[in-house]
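Enquirer: So the sequence lines, in the order shown, correspond to chains A and B. In this text, residue positions in the first sequence follow the working numbering: the first is 1, and each later residue adds one. In this text, residue positions in the second sequence follow the working numbering: the first is 1, and each later residue adds one.
Check each hint, because a few of them may be wrong.
[As the list claims (entries may be wrong)] Sample of chain A residues lacking proximity to chain B, with all beta carbon distances greater than 12 Å (derived): (1) Pro2; (2) Arg44; (3) Ser169.
[To be verified] Incomplete in silico selection of chain B near chain A, CB under 7 Å: (4) Pro4; (5) Leu7; (6) Asp12; (7) Ala60; (8) Cys62; (9) Arg63; (10) Gln67.
Hints in this document: simulated from the structure, not taken from any laboratory. Backbone N, C-alpha and C define an ideal beta-carbon position, used for all residues, glycine too.
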Amino acid sequence: MPDFTLAARSPLAGAAALAESWPGFAVSEVTDLALASLATRRGRETEVRNRAKARFDLEPPPPGRTASGDGMTFLWTGHEQWFVEAQESALGGLEALLRETFEDSAAVTDQSDAWANLRLEGPATRAVLEKLCPLDLHPGAFPPGATARTTMEHLSAIITLRDDRWRFSILTPRSSAGSFLHHLHQAADSACGAT
Amino acid sequence: MRIPCPLCGERDASEFTYLGDAGPRRPDPTAPDAAEAFHDYLHLRDNPAGWHVELWYHEAGCRSWLQVSRNTLTHELGEVRRAEDLGLDEPSP
Numbered sequence: 001m002p003d004f005t006l007a008a009r010s011p012l013a014g015a016a017a018l019a020e021s022w023p024g025f026a027v028s029e030v031t032d033l034a035l036a037s038l039a040t041r042r043g044r045e046t047e048v049r050n051r052a053k054a055r056f057d058l059e060p061p062p063p064g065r066t067a068s069g070d071g072m073t074f075l076w077t078g079h080e081q082w083f084v085e086a087q088e089s090a091l092g093g094l095e096a097l098l099r100e101t102f103e104d105s106a107a108v109t110d111q112s113d114a115w116a117n118l119r120l121e122g123p124a125t126r127a128v129l130e131k132l133c134p135l136d137l138h139p140g141a142f143p144p145g146a147t148a149r150t151t152m153e154h155l156s157a158i159i160t161l162r163d164d165r166w167r168f169s170i171l172t173p174r175s176s177a178g179s180f181l182h183h184l185h186q187a188a189d190s191a192c193g194a195t
Numbered sequence: 001m002r003i004p005c006p007l008c009g010e011r012d013a014s015e016f017t018y019l020g021d022a023g024p025r026r027p028d029p030t031a032p033d034a035a036e037a038f039h040d041y042l043h044l045r046d047n048p049a050g051w052h053v054e055l056w057y058h059e060a061g062c063r064s065w066l067q068v069s070r071n072t073l074t075h076e077l078g079e080v081r082r083a084e085d086l087g088l089d090e091p092s093p
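If we strip away everything but chain B, and leave its shape as in the complex, we get (with noise of 0.2 Å):
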């Protein structure tokens, strides 16, 4: 598999570390219902046959963090982009 990094172009796959879904966002943790969102954003997660929206680290080249579309059936590749683009960089709460 070859993931089409933004900045460097088409990379091997080896270059890269995958971290998981790129949905899920931390829930804050000073809410009332903190124990249960975090029950959810632990244990609840997808697994799709298909596209899947997930975060790649492009450790061995640019060490960009990115958002990667993957088709989970085939390992085609979708659209790639920064995270820090796309706002993804914030802090959590």
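Just chain A, same shape as in the assembly (with noise of 0.2 Å):
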């Protein structure tokens, strides 16, 4: 029996109560989705697209996109690179079972615990993410389903737009989480004006 025992603690935990809104525009830390990333082994390409569909349904979507099914959320991250996502709970494992699933076809490395995932959501969402992000994010440029690796005031982010009007997800590295959300606030209070 050790002498003590290490309780887990999101990325944001820090951030007291991590649901705030301003105006039309909401930020929360989602704590509850597992992440692995999957990058096919070289000459691999066509089994890994057809384990996946064999075992999930659904196909490994092309760049800038995401597929769901299964309980599951594949994010295209880089060639032949997926983020996965899904609730650990229904699962038993992510890690595990995407490492049944393709075998030695793709490396899969558990990233649960490196990146804090937000929730942004509200009407007046891309106005504050105007302030922060270099990508054009009007619904004819960044559709539902997109998603993209960029960086936003020089940190990384993966920013997904979760439906079709203006909830997005961002990923960003946990070490640098507190900065990030720190920009966020400020671009909300910019857009929306300070609470």
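Fit chain to chain and form the complex, with the hints in mind.
Expert: This is how it looks when you write it as structure tokens:
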């Protein structure tokens, strides 16, 4: 029996009660999703597609897109690479499931605790993101299901549009998540008026 | 300057890092004239005023190495292709 026990803490748990809102904009931390990276080994591209289709009935999405099915979402992150998101409780171990599914055709790495997952929503979300994000987020240029890795205030971020209106999510590295949140607050204060 | 990544679309140059001229190939270190070949490889580089074919890394995006044609006078960009598609990722001798 160990002398002490450790409790899991989400990346932004220190930012007390992170469910904050401004007129037309709200940000909250998503803590119940498991995340793993999937990187195809050279020459195994077709096999990875076939295994994903057979096991999850989904096609790993092309550049800049997401694909969902069977309780999980694939986000394209690079050439023949994806992040896979899922409710951990529903699967009993996302990393193990992906390893079992893809065997040695792809490299699987658990990423769950390495990223802060922010949910941004509200009609003013694009106005807030205009101050941070160098990408064009107009629905014509960044439609529902689009995803992109870029930088905001020099910090890495993976931004995804989750619905057909204004619900975005941003994955940002855990180690700089506090700074990212600070910049997001400043942008929100500026775009929506300080709370 | 904005670079049209073949995978990600047009992105700001701040997402990329620059390696240099895409032309020179690392010489074979076991060749008899290796010392001279490495001297040329390291020191005798072109510095054209105009079109230049170079390697860029999309570090803050898809992390692809790209071969980019760029006009050094105007920063106009020509063809951009993934280095892997051009076989540039094969190991040097």
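Enquirer: Against each hint, give a clear statement of whether it holds in the structure.
Expert: Hint check results:
Every beta carbon of chain B lies more than 12 Å from that of A/Pro2, the smallest distance being close to 39 Å; the non-interface claim holds. At the 12 Å boundary, the C-beta of A/Arg44 stays outside the reach of chain B, the nearest C-beta of that chain being 15 Å off. At roughly 18 Å, the least C-beta separation between A/Ser169 and chain B is larger than 12 Å, which holds for a residue marked as non-interface. About 13 Å separates the beta-carbon of B/Pro4 from the nearest beta-carbon of chain A, more than 7 Å, and the hint is not met.
For B/Leu7, the suggested interface contact is upheld, since its CB lies about 4 Å from the closest CB of chain A, less than 7 Å. At its closest, the beta carbon of B/Asp12 sits 5 Å from a beta carbon of chain A; the interface hint therefore holds under the 7 Å criterion. For B/Ala60, the shortest C-beta to C-beta distance to chain A is roughly 5 Å, which falls under 7 Å, so the interface hint holds. Given the 7 Å rule on beta carbons, the hint for B/Cys62 holds: about 4 Å separates it from the nearest Cβ of chain A.
Interface restraint check for B/Arg63: the shortest CB-CB distance to chain A comes to about 5 Å, inside 7 Å, so the restraint holds. Interface hint status for B/Gln67: violated, as the beta-carbon distance to the closest one in chain A is roughly 14 Å, over 7 Å.
Of the numbered hints given earlier, the model fails hints 4, 10; all others are met.
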